[in-house]
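Trainee: Here is what each chain is made of, one letter per residue.
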Amino acid sequence: MNAYAIDVRRLVKEFSQRGLPPLRAVDEVSFQVRVGEIFGLLGPNGAGKSTTMKLLTTLLTPTSGEASILGHDVVRNPLEVRRSIVAVLQENAVEIFLSVKDNFRTFGRFHGLSWAEIETRSERVIELFGLADVRNQKPIDLSGGMKRRVQVAKVFMVDKPVIFLDEATTGMDTINKRATINAIREEARRGRTIILTTHVLEEAEELCGRLVIIHRGKVIASGSPAEVTSLSLKLFRLSLTVETLSEEILAAISAESPLELTSRDQTAEVTLRDERSALRILASVEKISPVLHFEMSGSTLEDAFLHLVDQVEKP
Amino acid sequence: MQPILAVMYREYKIRITSLVWLFYDIVMPFAYLLIFGLGFNTAFSSGITSDGASVSYNTFFLPSVLSMACFGIAINTSYGFFVDRDNGIFYEFLTYPMTRSQFLIGKITFNCLTSLVQGIVAITLGTLFLGVRIASGSVPLLLGGVIVGTAGWFFFLAIFALRIRRNDTFNTLINVLYFVLLFLSSLFYPIEHLPAWFRIGSYLNPITWHTDVLRYCSAGMGDGPGILWEMAAFVLFLCGSFWFAVRTLQKAV
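Chains A and B supply the protein sequences, listed in that same order. The first sequence runs 219 to 533 under this note's numbering. The second sequence runs 131 to 383 under this note's numbering.
Hint data in this document are derived by calculation from the structure and do not stem from the laboratory. Note that the Cβ used here is the ideal one computed from N, Cα and C, for glycine as well. A couple of the hints might just be wrong.
[To be verified] Cβ pair distances, simulated, as ranges: (1) A/R407 <-> B/F374: 38 to 48 Å; (2) B/L303 <-> A/E232: 24 to 34 Å; (3) B/F374 <-> A/F233: 16 to 26 Å; (4) A/D377 <-> B/N206: 27 to 37 Å; (5) A/R408 <-> B/L149: 21 to 31 Å; (6) B/N206 <-> A/V253: 41 to 51 Å; (7) B/D216 <-> A/V253: 31 to 41 Å; (8) B/T302 <-> A/S515: 55 to 65 Å; (9) B/T302 <-> A/H417: 30 to 40 Å; (10) B/N206 <-> A/N354: 19 to 29 Å; (11) A/T281 <-> B/V306: 31 to 41 Å; (12) B/P355 <-> A/T281: 25 to 35 Å; (13) A/V293 <-> B/P355: 39 to 49 Å.
[To be verified] Simulated pairs of lysine-lysine, DSS-like, Cα-Cα distance not exceeding 30 Å: (14) A/K505 <-> A/K532; (15) A/K436 <-> B/K143; (16) A/K378 <-> B/K143; (17) B/K143 <-> A/K319; (18) A/K356 <-> A/K395.
[What the hints assert, rightly or not] Derived list of chain A stretches under chain B, where covered just means 3 residues or more per stretch with a C-beta under 8 Å from a C-beta of chain B: (19) 276-284; (20) 299-306; (21) 319-326.
Next comes chain A alone, as it looks inside the complex (with noise of 0.2 Å):
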């Protein structure tokens, strides 16, 4: 029995092309998720995130390599990997003709509750998502971002022991996405094992407890957030603002030979190497003018993004 909900082993999905070679959008990719954990899979567009997810959920087979979910091979077991699982995907995928309720109710069916955990859950979601007041409406007539929360509210009516979420929050407004977000959390706490995409890397630093980044179909780092983002390039940010920002005050920033420096009015944004420049520029700049305000911040995961996706970009 393997000990992974997720099992990915040299993954590679090709897919052909009129007149020219086969295109490989998952490249050898591997990774292991544990039981309970929420886990990012993060990259550029086209990078081959969705088409693992694709490979993952059983709607696309995969040309080489081997994958599990629950310790069932999504070729050989597709049905009992299906049984394990809960997706959402990258399209919107609402039944626009049935109400928001009947879409509850089909979904419900298919994943074989009963009626009466239907009525109980579905309601359940509905006040989760702040659905209450368009039950009765048809996804037809709703915006992108309802018919979004309709269909990851659905979701979580189902207690299936792996997630997918494939952008899930994307379309969504800052408070359904912190409902969504609190909810996946409370689904990790009660032991699903979640795996996800999105593009908000403030989302993936927040939720996963490890990611894997994807670029060109390959795996180009893994890791804890705080571990692939001690892979960038270190770079600080500081924030000062001072009662006049005079050029004295501009020439002692420029002394520490700042990657970056902007100003307007009276604040001046930095973008420096190393800590020590940083407090170097708060001590001079202090002698010359009073310091309002300072705000300095170290790499986030965004930074360590665009630095590893740049480094495979180099020729």
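Take the given structure of chain A and dock chain B to it, following the hints.
Mentor: Relative to chain A, chain B alone:
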């Protein structure tokens, strides 16, 4: 069984959202019989003679109407793949806990029930108001034939609906199929006295096989061994189409 029932429930929920659709589904075959059948029944007042049997045009035409209704329901059901694909829900279905064959069987089982209701309405009203004569014992056979016909045509058309990505291409294909299959067949006229090329084309057409079997059940027209061959050919057509449709669905993404 549960996944099949879930697909049927979903088909039912969608179908009842449109009363026009529901009305069309139920009444369409009888409307054909009423308008088209009545016109030809009057034009051919001496009736239709085929394989030594002579019947009124409406009696001849009833199995044709049932056969066309099977084809019509199959078109609507297979067109549903495009609607589902446009709404994105098609791909989500494929991650649900069911096999690809359960998905197809669930879809067609509900629609076979619809064609059954259509058939009952057409047979009842046709017999009561349009002078259609059929042996009462043949009704269950006719209805069984309607179910088999709907399933066969749905699986056949599903192959194209799942392979073709553009609905305008699918529409064009359906228009061509509709014209060729319906008119190059025994639907509207007996084919025994038609030119050889026409007869050969007709005998290669599953609509002819299906209609001839239904006509044999309802009006006793046709020769027994020939009908058995046609029945076997249609069942083979159904099984082959089902196999291909499942394979196509497995590679539909």
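Trainee: If a hint holds in the structure, say so; if it doesn't, say that too.
Mentor: Hint by hint, here is what the structure shows:
no. : hint                          : verdict
1   : A/R407 <-> B/F374: 38 to 48 Å : holds (46 Å)
2   : B/L303 <-> A/E232: 24 to 34 Å : holds (29 Å)
3   : B/F374 <-> A/F233: 16 to 26 Å : holds (22 Å)
4   : A/D377 <-> B/N206: 27 to 37 Å : holds (36 Å)
5   : A/R408 <-> B/L149: 21 to 31 Å : violated (43 Å)
6   : B/N206 <-> A/V253: 41 to 51 Å : holds (45 Å)
7   : B/D216 <-> A/V253: 31 to 41 Å : holds (37 Å)
8   : B/T302 <-> A/S515: 55 to 65 Å : holds (59 Å)
9   : B/T302 <-> A/H417: 30 to 40 Å : holds (38 Å)
10  : B/N206 <-> A/N354: 19 to 29 Å : holds (26 Å)
11  : A/T281 <-> B/V306: 31 to 41 Å : holds (36 Å)
12  : B/P355 <-> A/T281: 25 to 35 Å : violated (50 Å)
13  : A/V293 <-> B/P355: 39 to 49 Å : holds (46 Å)
14  : A/K505 <-> A/K532             : violated (43 Å)
15  : A/K436 <-> B/K143             : violated (43 Å)
16  : A/K378 <-> B/K143             : holds (25 Å)
17  : B/K143 <-> A/K319             : holds (12 Å)
18  : A/K356 <-> A/K395             : holds (22 Å)
19  : 276-284                       : holds (count 4)
20  : 299-306                       : holds (count 5)
21  : 319-326                       : holds (count 3)
In this structure, the earlier hints numbered 5, 12, 14 and 15 are contradicted, and the remaining ones agree with it.
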